[in-house]
Every structure is written in C-alpha cells, then in structure tokens.
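Add chains X, P and L with the ligands to chain F, keeping to what the hints say.
Chains as they are written, first to last, in full-length UniProt numbering: chain F, 1 to 332; chain X, 1 to 332; chain P, 1 to 211; chain L, 1 to 211.
Be a bit skeptical, because a hint or two may be false.
Residues from chain L that face chain X, not an exhaustive set, calculated with beta carbons under 8 Å [as the list claims (entries may be wrong)]: (1) L38; (2) G76; (3) P81; (4) R174; (5) S179; (6) G182; (7) A186.
Derived by calculation from the structure, the hints in this document are not laboratory data.
Here a beta-carbon is modelled for each residue, glycine too, at the ideal position from N, C-alpha and C.
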Amino acid sequence: MRKIINDPVKVVADALRGLAAAHPGLRVDLEAGIVVRADAPRSGKVGLVSGGGSGHEPLHVGFVGHGMLDAACPGEVFTSPVPDQILAATAAVDGGAGVLHIVKNYTGDVLNFRLAADFAKDDEDIEVATVVVDDDVAVQDSTYTAGRRGTGATLFVEKIAGALAEEGAPLEAVAAVAREVNERTRSFGVALSPCTVPAAGRPTFELDPGEMELGIGIHGEPGRERVKAGSANEIVTAALTAIDADMPLRGSDTLVLVNGMGGTPLLEQYVAYGVASSWLADHGVTVARSLVGPYVTSLEMAGCMISVCRLTPELLRLWDAPVQTPALRWGR
Amino acid sequence: MRKIINDPVKVVADALRGLAAAHPGLRVDLEAGIVVRADAPRSGKVGLVSGGGSGHEPLHVGFVGHGMLDAACPGEVFTSPVPDQILAATAAVDGGAGVLHIVKNYTGDVLNFRLAADFAKDDEDIEVATVVVDDDVAVQDSTYTAGRRGTGATLFVEKIAGALAEEGAPLEAVAAVAREVNERTRSFGVALSPCTVPAAGRPTFELDPGEMELGIGIHGEPGRERVKAGSANEIVTAALTAIDADMPLRGSDTLVLVNGMGGTPLLEQYVAYGVASSWLADHGVTVARSLVGPYVTSLEMAGCMISVCRLTPELLRLWDAPVQTPALRWGR
Amino acid sequence: MNASDFAAWIRRAAELVTADAERLTALDAAIGDGDHGLNLARGFGAAVTALDGLPAGTTPGKVLIGAGRAIVSKTGGASGPLYGTALRRAGKTLGDAAEPDAAALGTALRAALDGVRELGGAGEGDKTMVDALAAAVTAYETAVDGGAGLPAAARAAATGAAEGAEATVPMVARKGRASYLGPRSAGHLDPGAASTVLLLRALADVTGGEG
Amino acid sequence: MNASDFAAWIRRAAELVTADAERLTALDAAIGDGDHGLNLARGFGAAVTALDGLPAGTTPGKVLIGAGRAIVSKTGGASGPLYGTALRRAGKTLGDAAEPDAAALGTALRAALDGVRELGGAGEGDKTMVDALAAAVTAYETAVDGGAGLPAAARAAATGAAEGAEATVPMVARKGRASYLGPRSAGHLDPGAASTVLLLRALADVTGGEG
Ligand SMILES: Nc1ncnc2c1ncn2[C@@H]1O[C@H](COP(=O)(O)OP(=O)(O)O)[C@@H](O)[C@H]1O
Ligand SMILES: Nc1ncnc2c1ncn2[C@@H]1O[C@H](COP(=O)(O)OP(=O)(O)O)[C@@H](O)[C@H]1O
Ligand SMILES: [Mg+2]
Ligand SMILES: [Mg+2]
Ligand SMILES: [Mg+2]
Ligand SMILES: [Mg+2]
Chain F
1 MRKIINDPVK VVADALRGLA AAHPGLRVDL EAGIVVRADA PRSGKVGLVS GGGSGHEPLH
61 VGFVGHGMLD AACPGEVFTS PVPDQILAAT AAVDGGAGVL HIVKNYTGDV LNFRLAADFA
121 KDDEDIEVAT VVVDDDVAVQ DSTYTAGRRG TGATLFVEKI AGALAEEGAP LEAVAAVARE
181 VNERTRSFGV ALSPCTVPAA GRPTFELDPG EMELGIGIHG EPGRERVKAG SANEIVTAAL
241 TAIDADMPLR GSDTLVLVNG MGGTPLLEQY VAYGVASSWL ADHGVTVARS LVGPYVTSLE
301 MAGCMISVCR LTPELLRLWD APVQTPALRW GR
Chain X
1 MRKIINDPVK VVADALRGLA AAHPGLRVDL EAGIVVRADA PRSGKVGLVS GGGSGHEPLH
61 VGFVGHGMLD AACPGEVFTS PVPDQILAAT AAVDGGAGVL HIVKNYTGDV LNFRLAADFA
121 KDDEDIEVAT VVVDDDVAVQ DSTYTAGRRG TGATLFVEKI AGALAEEGAP LEAVAAVARE
181 VNERTRSFGV ALSPCTVPAA GRPTFELDPG EMELGIGIHG EPGRERVKAG SANEIVTAAL
241 TAIDADMPLR GSDTLVLVNG MGGTPLLEQY VAYGVASSWL ADHGVTVARS LVGPYVTSLE
301 MAGCMISVCR LTPELLRLWD APVQTPALRW GR
Chain P
1 MNASDFAAWI RRAAELVTAD AERLTALDAA IGDGDHGLNL ARGFGAAVTA LDGLPAGTTP
61 GKVLIGAGRA IVSKTGGASG PLYGTALRRA GKTLGDAAEP DAAALGTALR AALDGVRELG
121 GAGEGDKTMV DALAAAVTAY ETAVDGGAGL PAAARAAATG AAEGAEATVP MVARKGRASY
181 LGPRSAGHLD PGAASTVLLL RALADVTGGE G
Chain L
1 MNASDFAAWI RRAAELVTAD AERLTALDAA IGDGDHGLNL ARGFGAAVTA LDGLPAGTTP
61 GKVLIGAGRA IVSKTGGASG PLYGTALRRA GKTLGDAAEP DAAALGTALR AALDGVRELG
121 GAGEGDKTMV DALAAAVTAY ETAVDGGAGL PAAARAAATG AAEGAEATVP MVARKGRASY
181 LGPRSAGHLD PGAASTVLLL RALADVTGGE G
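Bound-form chain F, shown alone (with noise of 0.2 Å):
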C-alpha cells in the first residue's frame, strides 16, 4: 500500500481532522461524523445535505459552503453513511424552510438517506426532498434493476441546486432543479488501473498496463467492459458517443466535466478535455462552461471520467452564480 495514512480503519477520522484543520469556514463534528457550513442553519433558507462513501474528494466535504451544500456526511471509504450521521446533517441545518437530500444511486446511498429522511420526518418533523442522482449511462437504465450510478453529475447538481438554495427559493423549487440538472446530465467513465481501499489494503481489480476498464463507477469497481487500453481520442470518443447515444447533444448548450479519478495527472485530463472540445464542436455541440480536474475521485484510481450537462438559461445563470467552498470558489 501506497497511503499516507495512520491507521487504515481511522482514514476517515483523520482526514476531517485535516479538513476542520484546513478550513476554518466549515464545523467538523467528529463525533456525528458530519461538516457543515459555519453559518448554518440559516433560517429561512432550504438546507442542502449530501454524502455518501469517502474517497470520492473533494466530493462531498469539499463542496460545503456558501452557494453549494449545507452539509456533507462522509461514510466510511466508499460505504454509505448511516442514517444517524444525515438525520445530524439534517438537523444541523435546517433553518425551518426544510432540507434537500441529495442523493447517489447506490442502494446504500439511498437505502440510508431514505431511513434517515423517516427519522427526520417522525421524530424531528424535518421536511425533506430527496433528489436521487443517476447520470452513469454504462448502466442499464430499468425499474428492475438498481439503476444507473450518480457519478459526475452530482457536483453539477450541488452547486445549481445549492445556488438557487442560496436565493432563498422553496423546498419544491430547489428539489425540482435538482432533479431538473440530474435529467440533463449524463456520464461515462474508464479506469485505466484500480485503486485499494485503505481497509481492505489490496487493489480492488487486477488490471495490466495494456488493458483498460470502460463504463467504470466510482467505487473502484470494474466497468462494464474490459478492452485493451486506448489513446486519449479513443477513450474520449467511446465515453462522448455513449453518452450523445444516451442523450443526443446535438445543437446544445452544454456544461462539461472532464474529471480526473485521482491518479491521473492534470496534464493528461487536459490532453483528454482537447479530444473532448474537438469531438464536441464536430458533432455541433457548444461548450458553454467547463471544468477539467479532480472533483469526484475514486481514490487514487487512473482514469477520466466525462460529464455533459444541457444547459437551459437559467441553470446557466446558477451555475455562474458566487460559490465559496474548499474545492469550487468563484465569485467571492
């Protein structure tokens, strides 16, 4: 194992520790488990809580702040939180006007979301909306599955639902944003090496330099499909067509992500965002904002993943909106 770490089951631990340290405008209870904004609950105004497994950063924890999240509940390594960490959250920042749960379509994600949303709910009388996100087209959409992962698309669907949250909009105009992002938006991704959960100390797959994994989660999980490794234009045109297949972009607007995993180096995701903005001008697409870096990881797996977002004007204006958190700071 390759890890700067103490002990591999206290990582989490740790690292809010170095969180709490590093960012003086967010609270880190360690106790609960959670990082919430210093000024929260601001009454009045809709609170917005997400979480899910750790080693996905910056997602969620650094995302907490002004214009984007309330709070984070961060799980163990790429494990849910539990149900009392998010009703925490919830409490922690609720300002009378209800929280929006923002959620990744993992069964564990939203197995614990959802009984947290009931303690909430029961005990506490929280109003709570749920957005579950569910961008990743390697995965078979059907009410008889699990349904597609939410991979990329969550960063897009904090920061707009969290801007508008920020303007005083209502629980149900937040909610339907949310939702509204999460239905424009959709991903694909490759991992060109697995990662090792600190826990476990062992890569999660086995993979040789000469292959690749397409259609990949964010879990360091294998993808759908094990080909041998492609160049940049190769990776980049298999995610862009799947998703164009998925949701024909033609003629759009777009936001686009191109997201490092961990362990790919900038240089290389910038080479990836070249193909990527000539694939898109050839197929008549417009890019009207992007982003390049690694902003939802999985450890420190090699790879990219690729999120495209249709653009309305008004999710435009959120997204351009002032934002102030450890990992996306604009306007302020």
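The following block gives chains X, P and L with the ligands in isolation, referenced to the frame of chain F:
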C-alpha cells in the same frame, strides 16, 4: 503505461490545446508554446513570467491570470522550456514596466531563462529581473553545488509577487518581495511511488510498496534516502523536522502547503494536513493560512510535499489579495 | 429460545462475520466495492455493544430490535439498513413473548424477509441476500410444518440459506452494486447471500440443532 | 575540414545520439530525470534541419553557430544551452576560415569547453559533461602537440572523452540534477558525459581518424 494520451511526444501540445479550450481567459499560443493572460500586456504593470518542464500541473499554466502570472512557458515533460519560448512570453507581457522571471532552481531552467533574459535585454530592450526559487531543504545548499531545488515555494512566490505587481508596484519591489517569499519558505517531499514520463514509457525508478523515498524533488527523481514506508505521522514529522531544522519555525505565523504529488488521494492529503497542523501547534507555530491539494505535482507520483512560509503582515495581505487563475481563485 | 439465547445468536453471528470478514470482503471486491466484511464486522460489533447495554430481564423482541438499531446506525452500505431492518422487523413480530417457540420464530423470520424485500425491492433471482434468506425461511417453515423442533428447523434454515446462496453464483445481478457489472456479475457468489448463511448458521449453532 | 565536413559531423552526431537515445535516457533516469536522450534527439534533429537551411558556400564557423543556435532553441534542459553554447563558441572561434586545420579546430574545441564551464559553472570532478569534454580537449591538444594530423587527433579526443566519461562513474555529482542525490549519485555514468563521447566519436567518424 496507464496514460490518457495520443502521441507520447506531443502530449504537451495536446494538453495546451485542451487548456486553451477550457480557459477562454487565457491566450494559448501553440506555435510559440506559451500561455498568456488574455489582457496582457498591461501598460505600466510589471509582467510575471514563469515556466519549467511540464508534468507539474497546475504549476505553472494553471496559475496564469489576474493577481498571479502574466505568462507561463511550459517545456516538454520535466524538461525546461527553451529560450525562444521564454523570450516570446517576456515580449508578450512587457507593458513597459519590465518583466520578472520566476525560475525554479534547476540547471536547465536557470540556463534557459538566463539566455532568454540576455536576448530580451540585448535584442528587445526589455528590462528583466530574475528570482531563482530554491526552497527544498532535502538538498544541501552550497556554492559548490547546483544548490537547492525549487518546489512548493514557487506557488507562494507567484501568488504574492503577482499580487504586488497587480497593485502597480515597480519591478525592483516585485522582485524583492519574490525573493523575500523564497527566503522565508522551506519545503520537503516524500514519494511513495515513481511516475512515468510519457515519452520514456517506463517508471523513473523502482520502489517496492513497502518502501518510500525521502527528500524527493518534483521530477520523478529518487530522493536522498530510501527507507521503510512510514505512517502519515512519520512522513509528516520527517518533513516538518527537516524544515524546522533548516529554518526554525517556533513563534512564526505561517502559510502552509500540504501538496499532493499527483497520485495521492485528497483524502490522504487531508490526513497529512491533520498531522501537520498538530505538529505545528505542538511546536509553537501558528498557521495563518493553508492550502491542501495537488498544486505542484510530479505526474502521477504518490506522495506529498510540505512547504512552510514564515509570513509577515505584508506577505499575508498579498496572499489574501484577489486571484483568478484556473487553479487558484478567490476574491473575484 | 429466551432473551439470552437471542443475545447469544447475535454474539455468535458477530463472531462468524468477523472471522469471515476477509472472505466476505473478497467476494464483494469481485462484483461490488470490497467492503462487505468490513461493514458487517463494524455493524455486528456495534450490535454486541448494544446488547451489553440492555437491561436485565429484557425480551427476545427487544434484543433483536436493539441489535437491529445498532446495525442500522453503524454499518452503512446496503447491508446495514437491510440487516438492521430485518432484525427490527423480526423483533417487532416477536412482541413481548418471553420465550418464543419454533412457530413464533418462523413468523419472525418471514417478517425479516418481508422487511428486506420491501426496503430493498429485490426479489428471488436478483442475486442478493434475499436469495439466501428466502431459501432459509422456506426451509425453516417446511421443517416446522414437518414437525421439527426449533433446533432442527434452525439447522434446516442454515442449510437452506447455503443452498440459496450457492444458487446466486450463476445469476446475473439485478440489484445492488453487482448489477452495474451486468453479465460480468455471473459466476460469482453474492457477498450478502454469503453473510446471510453465516447469520443462519449462528442461529443453528446457538440452538444446537443437528443437520 | 571544410564546411560540409563540419555539417557531416553534426549529422553524424545527430545519428549517434538518436540511435543511443534510449541508453542516454536510461542513464539520466538513474540519477537525473530521464530525458537526456529525448532532449538531444530533439535538439540535434533541429540542428540538422537548420543545416539544410544554410546557404551554399557557407563557412565551418557558420555551420557550428547555426547548429548551436538550433540546439539552444529546441533542446531545453541543461544540456541544450550547454551544448548549444559549446557549438556557438567553437563556431565563433573558427571565424571566417574556409578550412580550419588541426590547430584551429583545437582552439575551437577549447573555446567550446570554456563556454560550457562559464555557463554551467562546473569544473572537472563535478560529474558532468565537463569531465568528458575536458579530457577530450586535452587528449586532442596532446595529439596535435605530438605531431598528429586532424583525423588522428579527433580519434584521440574520442578516446579521451570516453576515459573522461568513465571517470565520472565513482564521482559524487556536484552540478546538475544528479547532485540532488548526493552520495547516491556515485556508481553511475553521467549521461551528459556519455553523450559528449558520442559527439567526439562523430567527429572521429567523419574525419576517418584511426585509433
Ligand atoms: N436491493 C437489495 N436488496 C437486497 N439485498 C441487497 C440489495 N442491494 C444490495 N444487497 C445486498 O447487499 C450486499 C452488499 O452489501 P455491502 O457490500 O455491505 O454494501 P454496499 O453494496 O453498499 O457496499 C450485496 O451482496 C447484496 O446481497
Ligand atoms: N552545471 C553544469 N555544467 C555542465 N554540465 C551540466 C551541468 N548541469 C548538468 N550538466 C550536464 O547535463 C546533463 C543532463 O542533461 P539533460 O538531462 O538533457 O538536462 P536536465 O538535467 O535539465 O534534464 C548531465 O548529465 C550533465 O552532464
Ligand atoms: Mg460499500
Ligand atoms: Mg530534464
Ligand atoms: Mg460493498
Ligand atoms: Mg535530464
């Protein structure tokens, strides 16, 4: 090779194409191989030019913009830029107030920047001042050696000198503050894995998972010493002890960077920052500002580097000044 | 079975999942995210701690509800809410009974299965813990219907669980993380089904049922 | 040697560094950053292109200056400015001579060495290209002083360079990237010294000197 590239010898040019597409606020001249602020040259403003081998992204290209660099000249991967590039960048940002070259202390960078400065003065009549950054305490400083390497301090120098230049200060003042930041900063790095230069196609060195390299630079080179891989406590303590031995920290107000080398998850970087923050508190050192993330990388190397700058009130003021670049942004 | 027998069941289950944590995690690494053993060791560890806090003279129902709550609170992942809900439902079904008989335990086990089904939405054949649990409950009921006592029925349930788990190997997953792999999920034992076997084996162990 | 002999030297040097690029890069990976062969292949490739652009009837001096400029402009790294400066200095020293003799070439080689020393600040024993180049220049001068013609002197220089390079193996580097390794740099051949051997061997090859 687990890389997202097309042609290994064109990776820098391909990445610059992506950078240009992603950041309309930058002017990327692929022919000249330079990245320039869209509003350069600004009449009467000192121009800041830095550069060096590629593979350290976001350094330097990601630090071009308001309040930081006016231009960057990226060389081939881990290879200094050539004088023509540096000269083109210098000419592109000269607004009549002279240009500051910020050069990391590697023979190749120093020599190429020196030739470029000579050309700029002799042929183009541009006033050039040079600050050589050499903050790495792993290397012994002596007039009989190449001296210390430039690493994390480069970010501090570029940010703080950039802020002063933005205020309209003259070249001597900007150069002086750049030197002051360099003199007040020390760094030390640790590698848990090597990295692979695309054109070379194989790792820069071999390292067993149970080993680590102490005292590395940022070019995938082995360190001063190979030891048994240690815990986060051991790694961070080794780094801070080396820094403190060279420049006693007790009683100082500091700016601290815990820098991922490229292949270490942000989660682990926060673990490292947590340890650093305790160590510093225990040793009577105040952390006024901090930064945690992969800012000065060595491709996909696993490991981290710690940089500590002993602030003055003026340096803190300049650090806090607004900055708007792809990788560092606040206040606007 | 009285309250301390139920507590012994939970303790034994904690022992078994902890001893087998590496295997469960390895099964999960193959078609999931490689944390199932870690999750259950943490969750059942918390359940054991919760049992220590129960007052003397508590009921079997309260034992299961307390263990279930702790598992929901500490496990995380998909298995935490599912196993936690299973135990809570079973506990609620037992009501105030001080010493439920074989039939009462059967009703509780079926309630546990229904709870898992409702919360997770998986049916038999979806390659989840439901395959093992459903087979266990059916085997238990068949044994009781055939006149078996609680120990023998528990042993039948453990055997049924093992068969149900084994049957997941060729299945293509339709629920949980393994479903993301599509056809690649076939050929692997479902980790949740494997842990369900341990929970039923723990029941057989503490009731001393012969196979 | 006339202008086309000098051009042939540069072309031959480009061939040799390109053919040996992998070895040079591997030497650099051991104690530097693993790009020396890549750098020189790029730089000397550019020098060859620059030669193609020189007018007919050019002088040896202009050949070396043109090649040196191209190397400075395209190589990067430490070796680019150093080798480029070496060639430019040598070219300037040759002046307008149409066919410099053995002594004139000796003066130019010494000027090249001085140029590298001034720009890089390294002396003999610092484990750099200076060790190979200084040994080559001394061997060349000794041969000429002993009455050798240009071909034999060039061969002596190549042999001297090889000896000088070999001598870098036990040294602890005090300049360039290898110096960061401290004592760990001992036991490795300096990549720049190794490439200097190729440049002198190219000279011997095109002048046809026997060893
Ligand atoms: N919808 C579901 N219904 C029933 N069981 C499920 C469902 N989803 C997952 N499981 C079970 O949970 C197990 C995985 O548990 P675990 O690894 O602890 O959680 P996670 O998948 O969140 O990492 C699977 O092997 C499967 O048996
Ligand atoms: N100060 C110096 N003086 C002379 N030669 C040097 C000096 N520094 C480095 N060199 C030579 O340059 C070689 C490395 O060249 P190269 O790998 O192309 O550049 P870089 O070190 O910038 O990657 C070293 O092996 C050494 O021979
Ligand atoms: Mg999990
Ligand atoms: Mg180099
Ligand atoms: Mg799992
Ligand atoms: Mg080199």
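(message) Flag every earlier hint the structure violates by its number, smallest first.
(response) The structure conflicts with hint 7 only, although it agrees with all the remaining ones.
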